[in-house]
Amino acid sequence: MENDAGDLVLWKAFKTGDGEAFSKIYRLYVKVLYRYGQKISPDTKVVEDAIQDLFVDIWNGRENLTDPDSVKYYLFRILRRKISRILTSPYAAEQLEEQHLEFISPTESFETEMVRLEGDHLKLRKVQDAILQLSSRQQEAINLRYFHDFSHHQIAEIMDISLQSVHNTLQKAMKGLRLVLDHNIEFLFLLSCTLILF
Amino acid sequence: MGYEDFTTDDFATDTYFCRWVLKPDIQTDAFWMEWLSTNANRSREIQQARRIVLVAAMEPGNDPTEQTIDELWQGIEQRTQSKPKIIAFTGWRMAGLAAASILLLLSAFIGYRYVFEAAKTYETANGEIRRLQLPDGTMVTLNANSSLRMPSSWSHGGAREAWLTGEAFFKVKKQQADGHPVKFTVHTDDVDVEVKGTEFNVNTRQDKTRVILSEGDIQLRLVNSKKEMLQMKPGDLVDFSKAKQALAIRKVTDTRSWYSWKDNRWTFESTPLSEVATLITETYGFPVRLEGDSTGNQKVTGIIPSDNLEDILASLESILDVTTEQKDKQIRIQPN
Numbered sequence: 001m002e003n004d005a006g007d008l009v010l011w012k013a014f015k016t017g018d019g020e021a022f023s024k025i026y027r028l029y030v031k032v033l034y035r036y037g038q039k040i041s042p043d044t045k046v047v048e049d050a051i052q053d054l055f056v057d058i059w060n061g062r063e064n065l066t067d068p069d070s071v072k073y074y075l076f077r078i079l080r081r082k083i084s085r086i087l088t089s090p091y092a093a094e095q096l097e098e099q100h101l102e103f104i105s106p107t108e109s110f111e112t113e114m115v116r117l118e119g120d121h122l123k124l125r126k127v128q129d130a131i132l133q134l135s136s137r138q139q140e141a142i143n144l145r146y147f148h149d150f151s152h153h154q155i156a157e158i159m160d161i162s163l164q165s166v167h168n169t170l171q172k173a174m175k176g177l178r179l180v181l182d183h184n185i186e187f188l189f190l191l192s193c194t195l196i197l198f
Numbered sequence: 001m002g003y004e005d006f007t008t009d010d011f012a013t014d015t016y017f018c019r020w021v022l023k024p025d026i027q028t029d030a031f032w033m034e035w036l037s038t039n040a041n042r043s044r045e046i047q048q049a050r051r052i053v054l055v056a057a058m059e060p061g062n063d064p065t066e067q068t069i070d071e072l073w074q075g076i077e078q079r080t081q082s083k084p085k086i087i088a089f090t091g092w093r094m095a096g097l098a099a100a101s102i103l104l105l106l107s108a109f110i111g112y113r114y115v116f117e118a119a120k121t122y123e124t125a126n127g128e129i130r131r132l133q134l135p136d137g138t139m140v141t142l143n144a145n146s147s148l149r150m151p152s153s154w155s156h157g158g159a160r161e162a163w164l165t166g167e168a169f170f171k172v173k174k175q176q177a178d179g180h181p182v183k184f185t186v187h188t189d190d191v192d193v194e195v196k197g198t199e200f201n202v203n204t205r206q207d208k209t210r211v212i213l214s215e216g217d218i219q220l221r222l223v224n225s226k227k228e229m230l231q232m233k234p235g236d237l238v239d240f241s242k243a244k245q246a247l248a249i250r251k252v253t254d255t256r257s258w259y260s261w262k263d264n265r266w267t268f269e270s271t272p273l274s275e276v277a278t279l280i281t282e283t284y285g286f287p288v289r290l291e292g293d294s295t296g297n298q299k300v301t302g303i304i305p306s307d308n309l310e311d312i313l314a315s316l317e318s319i320l321d322v323t324t325e326q327k328d329k330q331i332r333i334q335p336n
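Chains E and C are the protein sequences, given in the same order.
In terms of my numbering, the first sequence opens at residue 1 and continues consecutively.
In terms of my numbering, the second sequence opens at residue 1 and continues consecutively.
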């Protein structure tokens, strides 16, 4: 994951106080940040607060910022710290606890609970089920690696765990996915995958 | 440990393998196809790992609504002192051709076309995506059911031209001759797309030509009216309708999502199921029957793996309240 062409130009303009560049950076990354934030906390209010804090912070501290190799990676790291901080603050813990009592029994993850609750209307199954059956940590690592295209090293930094843990988590997650898929989907159709020889 | 000893899970977590599955290019394609041909007994693991990686890349999360995005931004503005101003990003914009500059081509077109003594044609079948490197270094990703025709070679510094039906993504290499940039032209039935070095997507399906530009500049010329020319900027999407014989231009925020097909994924944002059905037919060649009156109007939002029909149908079932059935080379989608 490195900067796309133009990212760094925007970043440099933003650092000089260019409000338009700041707005563009926000628009460019708000969706991916929001999506990633949901992996850390299913509470969208927490994610939204963290995103706002993040952008206010970088605007206020813009003059002291360096030029990151990847703006996206840089923003993801800050977002995770922001969300962790909100979640570990005493006030938030209280709030969360109340919500948990309402929605979540201790044995079920938030997502499985949602699937069960909405099961009648929305058939979240097969493929997407497979991902939701993983631990939230595995889901987060998978999200960073396969959807957002971060390297193992970057994931270690973002999640604040060792490189070895990243590797183990991903390996376990993929194994989990494979087992679920093995059970759910006939591999008969695999050969219809398009692998084209040029 | 070499790839020979890899298990399915090892492949699925290997960086180079994942790059091939999710962001394939000509090098990774060449490497893995070569590897598969010498390790044919491992094709099951490879296929299995491909599928797992594609599933892992699916995102069950939700995008924020435009309203949320705007509200969050207003909050940020209020809390930052210098109040950076909002700039409009989305919305349809019709630009009359009058706004486009008009250039008289005179007789330059005569002698312009190549005589195809030994033309090369690249073609793709149902469900097939092919990556090509042209003699000048330009990379082309040819979508399913498409063809690209070009002379067997280009003279250095001479015009670079190719003829497209179907859909393709181009990453054109800049070329100079005598200090001047050499243009690259993609011809379709409707328009000529002229560029110097840039990335863009051209789609000639559904009785129209659609061009999406992500980088650099493009000049569009109507085939029926060589005098008319339209200058495209990054983020522009242009449709030329055969029936109306008219161009429509609009801005899109995320050009990449429009050609994510080249990375084996389809991106939908409130896309009617009927459009998804058309896409399936164009790509896999099977007719899709939508049962029920409003089924076609159901909206699909999400990113789904596109290189396997089974996965596409399973994804639709998980996103919408529908059941899919594939039988006798026909697909049926019905509400539950």
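Keep in mind that the hints are not guaranteed to be accurate.
To give a feel for the contact side, a few chain E residues facing chain C, derived at Cβ under 7 Å [claimed, not checked]:
1) S70
2) Y74
3) F147
The calculated lysine-lysine pairs, modelled on DSSO-like cross-linking and capped at a C-alpha distance of 27 Å, are [to be verified]:
4) C/K299 / E/K31
5) E/K24 / C/K227
6) C/K299 / E/K45
7) C/K233 / E/K15
8) C/K233 / E/K172
9) C/K233 / E/K12
Simulated from the structure, these hints should not be mistaken for lab results.
Just so we're clear, the structure is a prediction, and the values are computed from it rather than from any experiment.
Glycine is no exception: its CB is placed at the ideal position from the N, C-alpha and C atoms.
Here's how the hints hold up against the structure:
1. S70: At about 15 Å, which exceeds the 7 Å cut-off, the nearest Cβ of chain C leaves the hint on E/S70 violated.
2. Y74: violated (17 Å)
3. F147: holds (5 Å)
4. C/K299 / E/K31: holds (19 Å)
5. E/K24 / C/K227: Violated. E/K24 to C/K227 sits at ~36 Å, over the 27 Å cutoff.
6. C/K299 / E/K45: holds (25 Å)
7. C/K233 / E/K15: holds (26 Å)
8. C/K233 / E/K172: It is violated: about 45 Å lies between the C-alpha atoms, which goes past 27 Å.
9. C/K233 / E/K12: Distance ~22 Å between C/K233 and E/K12 Cα, so the pair holds.
Comparing the model with each numbered hint stated earlier shows that hints 1, 2, 5 and 8 do not hold.
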